[in-house]
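If you're matching them up, the sequences are chains Y and W in order. Just so we're aligned, residue 1 is where the first sequence starts under my numbering, counting upward by one. Just so we're aligned, residue 1 is where the second sequence starts under my numbering, counting upward by one.
When the alpha-carbon atoms are kept at most 16 Å apart in a straight line, the in silico EDC-like pairs for lysine to aspartate or glutamate are as follows:
1. K49(W) with E23(W)
2. K58(W) with D248(Y)
3. K280(W) with D152(W)
4. K58(W) with E409(Y)
5. K207(W) with E277(W)
6. K139(W) with E343(W)
Computed list of chain Y residues with no C-beta within reach of chain W, every gap over 10 Å:
7. G89
8. K157
9. D183
10. Q203
11. G261
12. G269
13. D362
Beta-carbon label-pair distances, calculated as ranges:
14. S234(W) with P200(Y): 29 to 39 Å
15. P64(Y) with S195(W): 44 to 54 Å
16. L317(Y) with S92(W): 13 to 23 Å
17. F52(Y) with S234(W): 18 to 28 Å
18. F297(Y) with K202(W): 53 to 63 Å
19. A308(Y) with A295(W): 22 to 32 Å
20. V446(Y) with S234(W): 28 to 38 Å
Rather than coming from a laboratory, the hints here were simulated on the basis of the structure. Predicted model, so just to flag it, every value in this text is computed and none were measured. A virtual CB, placed ideally from N, CA and C, is assigned to each residue, including glycine.
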Amino acid sequence: MMASMPAAEVSPSRRRLPAGALRRRQLAASAWVYLAFLAVATIMAGTFVLAFIASLKVDPLERPFRIYFDQLNPAAWVAAARLGREGAGDALWGGLAPGANVHFSVTYAAPADARIVEPRAEIPRRRPGSGIAAALMRHYAADYASIALRSSSSATKQARDKRGIRQGWQARTFVYEITYRSDRHNGPWIERTPVNLTAPTSQTLIDSPISPSRSERRGRLLSWDNITPGALGLIFNNYRRVISETADLQTGKSLIGSWLGNSLAIATGRLVLTLVVASLAGYALARLKFRGSRLLFAAALFSMTIPAQVTFASNYLIFRDLSLLNTPWSVIVVFVASANVLLMKQFFEGFPREIEEAAIVDGANRFQVFCKIVLPNAKPALLVNAILAFQGAWNDFFWPLVLITSPPEALTIQVGLLSLRRSFGGVQGDWGLVLAGAFISIVPVVILFVLFQRHIVSTEFAKGTT
Amino acid sequence: MLFRPGALVAATMLFGLPASAEEIVRISGWGGSEVAIVNGLLTNVLAEKLAEEGIRVKYEPVDGDYSQFIINGLSAGTAPDLFYVDTFWARSVFSAGQAAPVTNDVSGFAANLLTAFTYDGKLYSTPKDFNTLAIHFNKDIFDDAGVGYPSDDDTWTTLQEKLVAVNKSLPEVDGLCVVPEYARFGAFALSTGWSPFDARGKTVLDKRFRRAFDFYTGLVKSGAAVMAADAGHSWTGGCLASERAAVAIEGAWILSALRDSAPNMNLGTVRMPKDPESSKRGNIVFSVGWTVNAASKVSKAAAKVAELLTTEEAQQWVLEQGLALPSRTSLNDNPWLRGGQPEQIASRVVLEGLSDDHVMPYFFGDVGGSWMQPINAALNSVILGEEDANTALLSAQSAFDRMLAK
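The task is simple: from the sequences and hints, build the whole structure.
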C-alpha cells in the first residue's frame, strides 16, 4: 500500500490548483477555443466579405488592397449626395440635368519652395471603348456642360515630406463650377459627368469631395469618371453599370435580368421534374418488386460515376434532332437524376411498411398509397431534394454552356457571367463590373437558403439523407 | 379623342402587311468593341437601306469563344445566317462546305486581304476590316526618362536600346511586355525575309528565323522587356495602359481598350522596326470577313446584308468613328486618316503597315491556327529559361516536319 505523500512533495504539475486558478485556466481554454472558431469563421466569411468590398471598388485589383475608400466612406457618401443633388436634383442616383450647378472643390499642396498652379480643368468627351455601353451611349456631358474656376484660396498645412519630416506646406483650394449650358436647356439627363484636372507633378492633390477614379499620365492628370454620382450611384456604381451596360441592343432590356429570369425558370423546371421523377422512381425501387429491379438499381448507381462530358455528344445530337437546342427545355430535361432517386429510395425504405399495408387493407391501390400516404410524409426528403435540385440547376454551368449559345438574352446567369468576364474582365480589366455581376447572381440562392435554412440545418436533413 | 379599336386593327393590318414580308437575317460577330461598330452601322447608316430591301437584321454579338460558337452552331444547324470568320480558321469552315461563295464584286478590296478568304478559286468571305501591327508608345514615359521617342526609322537594335534606356532611367517601368506568340513575334521573323512556308510548302526554321528568334527572346534578358504574365497582364496593351510598359506591339484594336483604361494617354504610334541586316520591315495582316451560312434559308438576304455592311459608305462611317480600318482601297486617302489626333495617327500607321516589305496574312493554309503552336512553345520555353534556343528550335522543327509530312 502506497503511503500518502505530503502536499509539498507532490510534483507541481500534479498538484491540485486552487479553485480561482482552475477557473481562470478553464476560461482561458474556452477563450482560445472561441478565438479559434472565430478565426475559422472570419477566414470563411472573410473571403466573401472581401470580394463584396472589391465589387464596390473602381479597381478591384488595386495593390495594396485597401478597405477604406470612397464607397465605404460616409463622408464621401454625403459629398456624393450633395453633388448628385446639385447635378440633377437626385441625391441618391445623381446625374447631370438641365439647371445643374455643381460646385466641385479640390485642394493641392506643394512644398514651400514650389509654386501651386491652377490645374487645367476639362469635361472630356469620354467614349466607352467596348461592350454594349459603347453602342448604347448617346449623350455626353461634354456636349452639354461647361466648367469654370469659381474661386481659389490659399492656406498652409502641416505635412510630412518624403523623409517623414513634418513641415509647413502651402495649399490652394480651387472651386470649380460645372453648369448645364443655358443654350442646351432642353437637353437630356446624363448619367455621368467626367472631369479631368491636369497639373504639374510637383503639386499633390490632398483633398476633394470624392476621390479621382484614376491617376493618368504618370501623375500629371487626375480623372474622375463621374463627379455627380449621388450617394447610391457612388457606392453601387459597378452594380448600376452591370445592369445598364449589359442590355439587349434591340429591346434595351437588361441582359442580366433576362439571364436571372432564365436561370430561375430552368432551376424551377428542373426542380419540379426532379421531384416527380425521383419520388416515383425512388418509390418503385424501394417498394415494387419487379423483374430487373436490382439491375435497374445497379444501373442507377453506375450512372452516377459517368461524368456529364461523356454523354455530351449523344445528348447534344438528340437535342439537335428534337430542335431543343437554344431552348430552356434542353437544360431542364438533361439532368442526372440518379442521386435524387437514390435519396428518395433511401427515405421510402425507412418508411414503415405497416402503414402502407394498412392502407392497402383499407382498399387503397399502390398509386393511392403513394400519393395519399407516402408522399405527404416524405416532405423532409422532398424538401432536401428540391433544395439540392434548385441549387444544382442554378449553379450548373456545363449544360447551359453547351446547349444554349444564342441569342445573348437566352443564356443563364452562370454562362452570362462568363460572357461578362470575356467582355469586360479580359483585356479591358473592368473587374468591378464582373464582380458585381457575380454577386447579383448569388442573390436568389442566398434568399433560398435564408428561407429554408431551418430545414437544411435541422435533423430533417439527416432524415432525408439517411 | 375616342379610342377606336376597329381603326387600330385596320391600320395594323395595312401597315403590318409589308412587315410580314420582311426577311429576318440573323447575324453575329464577337462582342467587345465590335458591338459598337456593327450596331452603329445597322442603326445609323444602313437602317433605311435595309428597310428598302425588306430585310430585318437580328444582331447577336458573342462574348464567349467565338470560333467555338460558330463551329458548334454550324454543326448543329443553329449558326446565324451571316457571321465573321477569322483568316486563320476560315479554311475549316470553307472546306467543310459550310459557307456560300460570295458572288459580289470584290474588286474594291485590298488584294492581300482576299488571299485567306479564297478557297478552290472562289471567294467565300467579304473582308470586313483589317489590322496590322505597330509600335504604340506612351510619350510621357519617354519624356520622363529623357529618352527619344520610337520612330519610323528605328531598327530592332535602336528600339531595343531605347527600351533599355527607359528601364534604366525609370526602374518601375519596363520597355515592353513580350508575349510568347507568333502573332507578335512573326512580324520580326518576316522582316528578315523568312517565310512561314517555303516553295515546297514546308516550314524551315532557318538562320533568318533564328536571328529574329534570338532577338525577340533576348529582349527580356537585355532589360528591354518583361514577360507580360510577370507584369500581371495577358497582352502587351495591358502593360501600356497601366503605364507599366513604355511601348506595346498591337494593332489599332488597342485604341478601344485605351478608351476604357487610359483615356487620356499621350499616345504615339510608329511603324514596326526594321531588321538591321535586311533593312526591311515585316508585318502580319489580321482580317475578318463576313461569311454567308451555306445552310441559311435567307442566304440571298444575308449576302445583301454583307454587301451593305462593307460598302464604301459604311466603311467610311466606321473609319471616321475611329472604330476600325476599312478593307476597301479607295478609302486609303480618306481625309480623316491625315488628322493629327492620336487615334488618327495610329490608324494611319496601321494602314501603312499593309505596304511593309514583307507582309503576310495571319493565315496558315489547311493547317490552320495549330501551325503556330511549335513556335509559341519554343518562344515560351526559351523566354522562361526552360530550354536553350538550339534545343527549343530543334523540337519546333521536328514538330513542323511531322505536321507537314503529308
